[in-house]
Amino acid sequence: MNNIKPPSYTKKALRVLVFKTNLVSAKDIHRISPVMGDTPGILRWNVDEHDIDNVLRIETSWLLPGDIIRVLTNAGYVCEELPD
Amino acid sequence: MNIHLSLLPMRTRDTNKENSIRKQAIEMVVKEGLDGFSMQKLAKAAGVSPATLYIYYKDREDLINQIATEISLRLMESSLQGIHPKMSFADGMEIQWKNRLKFYLENMDEMEFIEQIRYSPLYETIRQVIRQKFGDVLGSFVMNAINRGEMMPLPFEVYWAIAFAPLYQLIKFHSQGRSHANDEFTINDEMVNMTLKLVLKALKP
Chain G
0 MNNIKPPSYT KKALRVLVFK TNLVSAKDIH RISPVMGDTP GILRWNVDEH
50 DIDNVLRIET SWLLPGDIIR VLTNAGYVCE ELPD
Chain Y
0 MNIHLSLLPM RTRDTNKENS IRKQAIEMVV KEGLDGFSMQ KLAKAAGVSP
50 ATLYIYYKDR EDLINQIATE ISLRLMESSL QGIHPKMSFA DGMEIQWKNR
100 LKFYLENMDE MEFIEQIRYS PLYETIRQVI RQKFGDVLGS FVMNAINRGE
150 MMPLPFEVYW AIAFAPLYQL IKFHSQGRSH ANDEFTINDE MVNMTLKLVL
200 KALKP
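Chains G and Y, in that order, give the protein sequences. Quick note on numbering: numbering that gives the first Met the number 0 labels position 60 of the first sequence as 59, and the sequence is numbered without any gaps. Quick note on numbering: numbering that gives the first Met the number 0 labels position 77 of the second sequence as 76, and the sequence is numbered without any gaps.
Don't read these hints as lab results, they were simulated from the structure. All clues given are correct.
Some chain Y residues judged to face chain G by a derived CB distance under 8 Å, without partners named:
| # | residue |
| --- | --- |
| 1 | S37 |
| 2 | Q39 |
| 3 | I54 |
| 4 | D58 |
| 5 | E60 |
No farther apart than 20 Å at their CA atoms in a straight line, the calculated lysine to any residue pairs in the SDA-like style are these:
| # | chain 1 | residue 1 | chain 2 | residue 2 |
| --- | --- | --- | --- | --- |
| 6 | Y | K40 | G | E79 |
| 7 | Y | K40 | Y | D61 |
| 8 | Y | K16 | G | P82 |
| 9 | Y | K97 | Y | K200 |
| 10 | Y | K200 | Y | M142 |
| 11 | Y | K57 | G | N21 |
| 12 | Y | K97 | Y | E111 |
| 13 | G | K19 | Y | D61 |
| 14 | Y | K57 | G | E48 |
| 15 | Y | K57 | G | C78 |
| 16 | Y | K57 | G | S32 |
| 17 | Y | K57 | G | D52 |
| 18 | Y | K171 | Y | A160 |
| 19 | Y | K57 | G | P82 |
The beta carbon of each residue, even a glycine, is placed where N, CA and C say it ideally should be.
Generate the whole structure from the sequences, applying the supplied hints.
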């Protein structure tokens, strides 16, 4: 039997990162769409359009909150992590 | 719409937490309506962080949808308990009435929650789930009754308005605790049986 453990990165679990933003309209969401699609590591993303905090939700296995904040800030938006 | 939370072992689902979120969400929508409902308010009421809510649900719409779908499926499942497509129309109706009445009385808040979202676009998804899961059984129960000459063929809406709306009106009076004529009203078996008898009479060919 092969008892070698797989490298730890293969076990890295999917995480959900959650941010408060000023992505208020469908237009804003449309504007960030290309850059979100181009950012490696973002598996799924969505903005809660029907809630007051305009929450951006990210599923990723290795990106850190700071990475997302940087992407959004570069695109000209406010983005702050919602604490657990 | 469906997110696969089994993929998120970093923070595993906590059933207690989830139940508390669901209970608070139902209460909030019943008390304040769909417009008064926000994720932040819900998080506070359920004693979790807003971030936690988004672990369980993709967004506000997903949360409302999941809760409403779960309630609707439970209602349909319980109302069809003991129903066989080939049973007589009268028996099948009696069982459905009793099942529905029982479910409503035991789940008043949940049913009020469904009423709140029934007229919002969110309800469309739920309607489809119900039709997919239960359309066959109910459809063949009614078709068999028509073929045996126990029930008049009618457009669906007319059938439903006669077959079930009277029960729901009695339940409504009951949950209001009063009716147009009486300051106090409580539903009872005698009244339900009386109404059902009239319904069956009306639907006979």
